[in-house]
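Engineer: When you get a sec, could you build the whole thing from the sequences and use the hints?
Number of protein chains: 2
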Amino acid sequence: MAKNWMMDHDAQALRVKADDLSRFVVDALTSIGMSKEDAETTAGVLVTTDTWGVSSHGVKSLRGYVRRLRGGGLHVQGKPRVVAEGPAWAQVDGDNSIGMVTSVFAMRQAMAKARAGGIGLATVRESCHFGAAGYYPSLAAGEGFIALAMANDIPSVSAPGARGALTGSNPFAYAVPTGGDPIMLDMASSTVAGGKVMAAHFHNKQIPLDWIKDKAGNPSSDPAAFFAGGSLQPMGGHKGYGIALLIEMLAGCLSGAGLTWQIKGWIDSDPTLATGHGAAFVAIDVSKIMPLADFKSRVDHVVKGIHDSPKAPGSQQIFVPGEIEAGKRKVALVEGIVLPPEVVAPLSGLADDLGIDLLAKLPHQVVAG
Amino acid sequence: MAKNWMMDHDAQALRVKADDLSRFVVDALTSIGMSKEDAETTAGVLVTTDTWGVSSHGVKSLRGYVRRLRGGGLHVQGKPRVVAEGPAWAQVDGDNSIGMVTSVFAMRQAMAKARAGGIGLATVRESCHFGAAGYYPSLAAGEGFIALAMANDIPSVSAPGARGALTGSNPFAYAVPTGGDPIMLDMASSTVAGGKVMAAHFHNKQIPLDWIKDKAGNPSSDPAAFFAGGSLQPMGGHKGYGIALLIEMLAGCLSGAGLTWQIKGWIDSDPTLATGHGAAFVAIDVSKIMPLADFKSRVDHVVKGIHDSPKAPGSQQIFVPGEIEAGKRKVALVEGIVLPPEVVAPLSGLADDLGIDLLAKLPHQVVAG
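Just so you know, the sequences run in chain order A and B. FYI, the numbering for the first sequence is 0 to 368, going by numbering that gives the first Met the number 0. FYI, the numbering for the second sequence is 0 to 368, going by numbering that gives the first Met the number 0.
Hints are not guaranteed to be accurate.
[Said to hold, decoys possible] Within a straight-line C-alpha distance of at most 25 Å, the following computed BS3-like cross-link-like pairs (lysine-lysine) qualify:
1. A/K263 - B/K295
2. A/K263 - B/K303
3. B/K287 - A/K287
4. A/K287 - A/K263
5. A/K195 - A/K78
6. B/K204 - A/K214
7. B/K16 - B/K327
8. A/K214 - B/K310
9. B/K204 - B/K214
10. A/K310 - B/K214
11. B/K35 - B/K16
12. A/K263 - B/K310
13. B/K360 - B/K16
14. B/K214 - A/K303
[As the list claims (entries may be wrong)] Far from chain A, by Cβ distances over 10 Å, these chain B residues were calculated:
15. M5
16. M6
17. D9
18. R66
19. K112
20. T122
21. G179
22. N217
23. L272
Since the hints were derived computationally from the structure, they do not count as laboratory data. For every residue, glycine included, the Cβ atom is placed at its ideal position computed from N, Cα and C.
Structural biologist: Have a look at this one:
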């Protein structure tokens, strides 16, 4: 079964309060020398992601980040900085800080440029895995910006005509202010993320033929073929491939970051080394272009049209992107976040790595399995 | 059979020189009062598209544009203008000029802003169908810019949970400078364009279940269901829907253009009325951020990696986006453009509309069917 080293502990599901989980993340990161401010920024990204129900990209990853912070490939006291800039753009060197700190810094650079010029671009090099791409534009949308985030990664996704992987699963996210919660989309450029293939493998299920190729380059319905040298397929064939390539151009070529196979996997590669990930952030300050209230009212007109449209058979509701995540967050902030076993396992391992008693340090209820 | 009024003439395939086809387009447009400059701009967009082999979006559409120019819904002497601007953005009112003239104007506004600030945004209202989205970023990439183009349209595409159409097929295109031809992707946010469904219908073929929904909102493999009140499906389900919605936000909400159902179909609606289409263009002046030669060399590294990658069974070559179109253009500029019958039919109809003898005015060879 395809498991990485982060999953070497057994665990059961826990229900925890968001504030308690944030405190645990901050304690873990400050215990290895990170500033309280940077630790809180990181906790904000990771715990918000868990409140959205996106447990694949939240605190689950913390053990991997800490391994590299302790190994030296990430700098626990790194300071992202602008190394070149112009009226509407900035190039950020992340100094191999944890990806969340660099990415919040860069998103805010793009927002500052947009406040001056209407639109702003920040490219990023010397970064690492940045978690859920959607966090950064959501942050900006909360302050009245339309915003985009994207990042490159080591190749795992194929393309039409190719036998194996050519591009990363290169995430793309955007958010837009509305009268209510922002519209927010966060997507990989593959048909599905590797985690979905792993789940099908675990449950011995066949998968659709457009999810993966086997190592010979043939589409396969057997999830095991992915872990035996296969690759993911791009969403919509040439379309997802083309979007992944645009992201490589902006987050990689224009940023000065690593390109495709120059990037190292953030989980399994030598933790004494930097991974070379790049990213790019774009912000548009709506209020510079039209009154923000007018813009929101136009967006709300589109959203209402969608909500009021006839439903497909069996459908009760048509969601706009991000609406499901916003709903889950509201529940999680009241009832607590349910961390599934595959999230608790690496947290438990992390606690062991750091000599902490996880269950003593993180107030929780055990959720019956 | 699903045919629109533009297809009321019988025709056979013709081979024509690009220059002769351009001259025909310019003559047709100047004969109804358009300036030579605007007619040449329009011919540049349409004939370039035909040299790429994208015959669905080239001179085939000219009859539809001329009908609206004569009807008054498009202004034959319209003058696109900047109605609001800031350091890195411009809002363009197209004055209901033909979409190609407005879009080239707006792309150049975005480029001018990018020359000053590094990145530039131009939004567009009072436009119409703009042809192949890829033309505009390709123009910019030829001058050293990374560029994007997008437009909204009357809804024809469904979404997860919806019975019918919610968004337009909202095209998105980008281009990036390389050491050779630009990388260029031009895509609809639906799984396939309506034209592909029409072709399957014509040939009595079943289609994959992710192409369309029938009028009850169920996925259908019968192309006839599309023309009986059905809708297209978004590429990759919620991903294509989310991308279409981002385009609506930028090209519609932020531009001041029509939104979703406020837009009129450009082929069949009353030609005395404006259609209300919007668009958005983004340009990044690479040379402001890093030396253009360094950027191109980084892009060429990625492209070479792709070209040199192992091929899938049965594949001889892995193309980067736009490479097939650039290859077809080189052949077309030497050997001529082959206009298939479904392009010659509306050109023949247009010639009748204007009292021109098409075959006398357009030097050609008949291509055996």
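Engineer: Against this structure, judge whether each hint is valid.
Structural biologist: Status of each hint after checking the structure:
1. Proximity of A/K263 to B/K295 is assessed by CA-CA distance (about 23 Å); at most 25 Å being required, the pair is judged to hold.
2. Distance restraint check for A/K263 and B/K303: the Cα-Cα separation of roughly 20 Å lies within the 25 Å cut-off, and the hinted pair is therefore satisfied.
3. With a C-alpha separation of about 23 Å, the suggested pairing of B/K287 with A/K287 holds against the 25 Å cut-off.
4. Simply put, A/K287 and A/K263 have alpha-carbon atoms about 40 Å apart, too far for the 25 Å limit, and the pair is violated.
5. Taken as a hint, the A/K195 and A/K78 pair is broken in the structure, with Cα atoms around 35 Å apart against an allowance of 25 Å.
6. For a cut-off of 25 Å, the pair hint linking B/K204 to A/K214 is broken: about 32 Å separates their Cα positions.
7. At roughly 14 Å between alpha-carbon atoms, B/K16 and B/K327 fall within 25 Å of each other, so this suggested pair holds.
8. The straight-line distance between the Cα atoms of A/K214 and B/K310 is roughly 11 Å, inside the 25 Å bound, and the hint therefore holds.
9. A distance of roughly 19 Å separates the Cα atoms of B/K204 and B/K214; the hinted pair therefore holds under the 25 Å criterion.
10. About 11 Å separates the Cα atoms of A/K310 and B/K214, which keeps this hinted pair within 25 Å; it holds.
11. Taking the CA atoms of B/K35 and B/K16, the gap is about 20 Å. The hint holds against a cut of 25 Å.
12. The suggested pairing of A/K263 with B/K310 holds, with an alpha-carbon distance near 23 Å, which does not exceed 25 Å.
13. This hinted pair checks out: B/K360 and B/K16 have alpha carbons roughly 12 Å apart, not beyond 25 Å.
14. Annotation: proposed proximity of B/K214 to A/K303 holds, straight-line Cα distance about 21 Å (limit 25 Å).
15. No beta-carbon of chain A comes within 10 Å of the beta-carbon of B/M5; the shortest separation is about 27 Å.
16. For B/M6, the requirement that its beta carbon stay farther than 10 Å from each beta carbon of chain A is met, with the minimum near 28 Å.
17. The Cβ of B/D9 sits about 34 Å from the closest Cβ of chain A, beyond the 10 Å cut-off, so the non-interface label holds.
18. For B/R66, the requirement that its beta carbon stay farther than 10 Å from each beta carbon of chain A is met, with the minimum near 29 Å.
19. With a least beta-carbon separation of about 8 Å from chain A, B/K112 fails to lie farther than 10 Å from that chain, contradicting its non-interface assignment.
20. Not every beta carbon of chain A lies more than 10 Å from that of B/T122, the smallest distance being close to 7 Å; the non-interface claim is violated.
21. Under the 10 Å C-beta cut-off, the non-interface status given to B/G179 relative to chain A holds; the minimum distance is some 15 Å.
22. With 10 Å as the threshold on Cβ separation, the claim that B/N217 sits away from chain A is violated: the shortest Cβ distance comes to roughly 6 Å.
23. Annotated as non-interface, B/L272 keeps its C-beta farther than 10 Å from every C-beta of chain A; the closest such distance is 20 Å.
This entry does not satisfy hints 4, 5, 6, 19, 20 and 22, going by the numbered hints stated previously.
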